Amino acid sequence: MKIRLITIFLLFSQIYCTKDKDNTQELLATAFIVDLVTSPFTRITPQPGTFTTQVDHGATPYTYTATFDPKCSGTEGNVDFYFFRKTVAANNKKLLINFMGGGACWDNANCFGNNTVTYFNQLNTVPDFALDLLFKGVIDQTVAENPFRDYDIIFVPYCSGDLHIGSKDKTYASGTIKHHGYDNVISVLKFVQNSYSQLDRVFVTGQSAGGYGAILNYPIIRETITTIDSGAQVRMLSDASNAVVPTGAYTIGPAFFPLLESSWGVETNGIGSGTGFSSSNLPIWVNGIGTNYTTTGSPSINDFFKKVATEYPGDVLGQYTALFDGNQRFFYHVMGQVNKINNATLTYSTATTPDPYQAGKSYSIIYGDSDGSSVPDGSSSSSNDYTTCDWSKQAVSKMKDASSKTNYRYYIGPGDIHTITTYNDMYSLKSGGVKFSTWLNTLANGASPPANVQCNDSAGSCVNTNLFDSTINGNLGKATSDESYGLSPKQDMYTTCGEAAGIGL
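Every letter in the sequence shown is one number past the one before it in the UniProt record's numbering, and letter 111, counting from 1, is 111.
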């Protein structure tokens with residue numbers, strides 16, 4: 001675990017990388033190293049163009065059209081979009097599409113500023129070989145247990161801060177961010193159309209922000225694939241993308257989902273057109289998802305999953321999360337802090353504060369540590385307050401609610417590590433006595449969906465494994481937080497959040 005995190009921090013400087021410090025020498029050294037390394041992936045740089053496919057769902061089949069302009073956010077080191085392909089065999093009919101994660105930004109307070117940028121904005125400074133070095137798990141085809149060992153791979157990098165769904169140049173107080181994630185996705189689908197005349201099995205997945213990209217874009221991917229080959233089996237897994245977010249019922253600022261339109265332009269600034277609609281990035285052919293889905297009613301990723309599962313009853317859709325996923329807890333807290341800043345109850349600051357338990361480490365004084373350790377605990381009875389226990393309780397509740405759909409499945413793992421499918425730890429991870437890799441193989445290739453899986457209280461299985469490599473976790477030997485670790489006696493998160501009854505397991 002330690003090697004994995006050290007490697008990631010060296011190249012990405014945490015999941016929400018910024019270019020606060022002069023790292024020219026590091027980048028030059030990395031560039032030198034890349035000259036000595038050969039990557040099995042080919043970089044593909046798409047150009048603006050027009051995409052068409054058939055949509056056979058809804059009242060009447062029609063031709064879907066999108067005029068796309070792929071690009072990154074436009075900040076230094078993050079201008080040009082490109083993606084990667086690995087070809088395993090000639091005329092391969094199996095394809096894995098993987099969406100990279102890397103946070104998100106939707107406000108001046110987290111799109112800009114030293115120590116306050118919360119999305120990955122350095123794609124063009126990372127050498128291509130890093131893909132093969134850093135991303136393992138489902139990408140590592142040397143592992144015999146990998147369900148996608150014989151699949152071609154399309155790897156979709158993330159550089160737009162919009163969960164792979166935007167198409168808007170948004171001007172904030174400090175500058176303009178080009179949120180063109182959906183344009184990037186469409187350019188990838190255009191390439192898939194031109195490169196595969198037949199497809200037997202396609203699996204769509206993504207981690208963190210990429211997990212949202214996987215589910216939000218699943219309908220258009222699915223329609224594209226089945227237009228290429230009507231007999232193709234298409235399935236998906238969203239990894240660590242539970243969307244526990246502010247809602248209009250309690251937030252002191254705007255609810256989160258309308259921001260998909262105001263900041264990222266998914267509805268009126270979109271690029272998709274078809275019968276009965278234009279300028280939308282939403283799959284309006286899915287029953288219940290209209291052109292104004294994000295700005296009316298009660299939109300949520302949970303609801304989106306259920307509607308997509310209903311639209312495609314023959315497909316299998318899955319979600320994974322660790323019960324105390326630290327980075328998801330961090331972003332839940334960030335959403336609350338951004339709303340407080342906009343409501344003038346919190347003063348924006350780029351200052352940092354030292355980690356109370358880890359010498360030499362510091363983080364944003366307003367957003368806290370990206371591993372979630374500084375997020376307030378709350379309790380099992382707290383609700384809607386941006387705390388750890390509230391996040392876990394809502395994540396469990398939403399996944400169990402979605403499981404009312406017979407073709408949806410969830411896997412709730414132990415610990416606080418964020419994402420699993422691009423790490424080889426996925427091959428040893430167990431929850432409730434079930435290996436994740438076995439569960440994933442059934443999800444992807446089984447004749448019927450696997451059973452739902454969750455950690456339980458047997459020997460503390462929800463907190464003893466799959467842990468961030470932090471001082472407090474290491475000392476306690478369990479998933480904990482700054483607040484719980486400071487108690488006497490020290491306490492793990494499972495106990496803090498009310499154990500099984502409190503978080504809904």
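One or more of the hints may lead you astray.
Unchecked claim - Pairs of lysine-lysine, DSS-like flavour, derived with a Cα cap of 25 angstroms:
{"#": "1", "residue 1": "Lys-435", "residue 2": "Lys-136"}
{"#": "2", "residue 1": "Lys-400", "residue 2": "Lys-435"}
{"#": "3", "residue 1": "Lys-400", "residue 2": "Lys-307"}
{"#": "4", "residue 1": "Lys-136", "residue 2": "Lys-430"}
{"#": "5", "residue 1": "Lys-400", "residue 2": "Lys-94"}
{"#": "6", "residue 1": "Lys-136", "residue 2": "Lys-86"}
{"#": "7", "residue 1": "Lys-405", "residue 2": "Lys-306"}
Note that these hints are calculated values from the structure, not bench results. All values derive from a computational prediction rather than experimental measurement.
Structure-based check of all given hints:
1. Lys-435 to Lys-136: holds (17 angstroms)
2. Lys-400 to Lys-435: holds (20 angstroms)
3. Lys-400 to Lys-307: Distance of about 15 angstroms is within 25 angstroms: holds.
4. Lys-136 to Lys-430: holds (18 angstroms)
5. Lys-400 to Lys-94: Measuring from Cα to Cα gives roughly 31 angstroms; hence the hint is violated.
6. Lys-136 to Lys-86: Holds, at about 14 angstroms.
7. Lys-405 to Lys-306: holds (7 angstroms)
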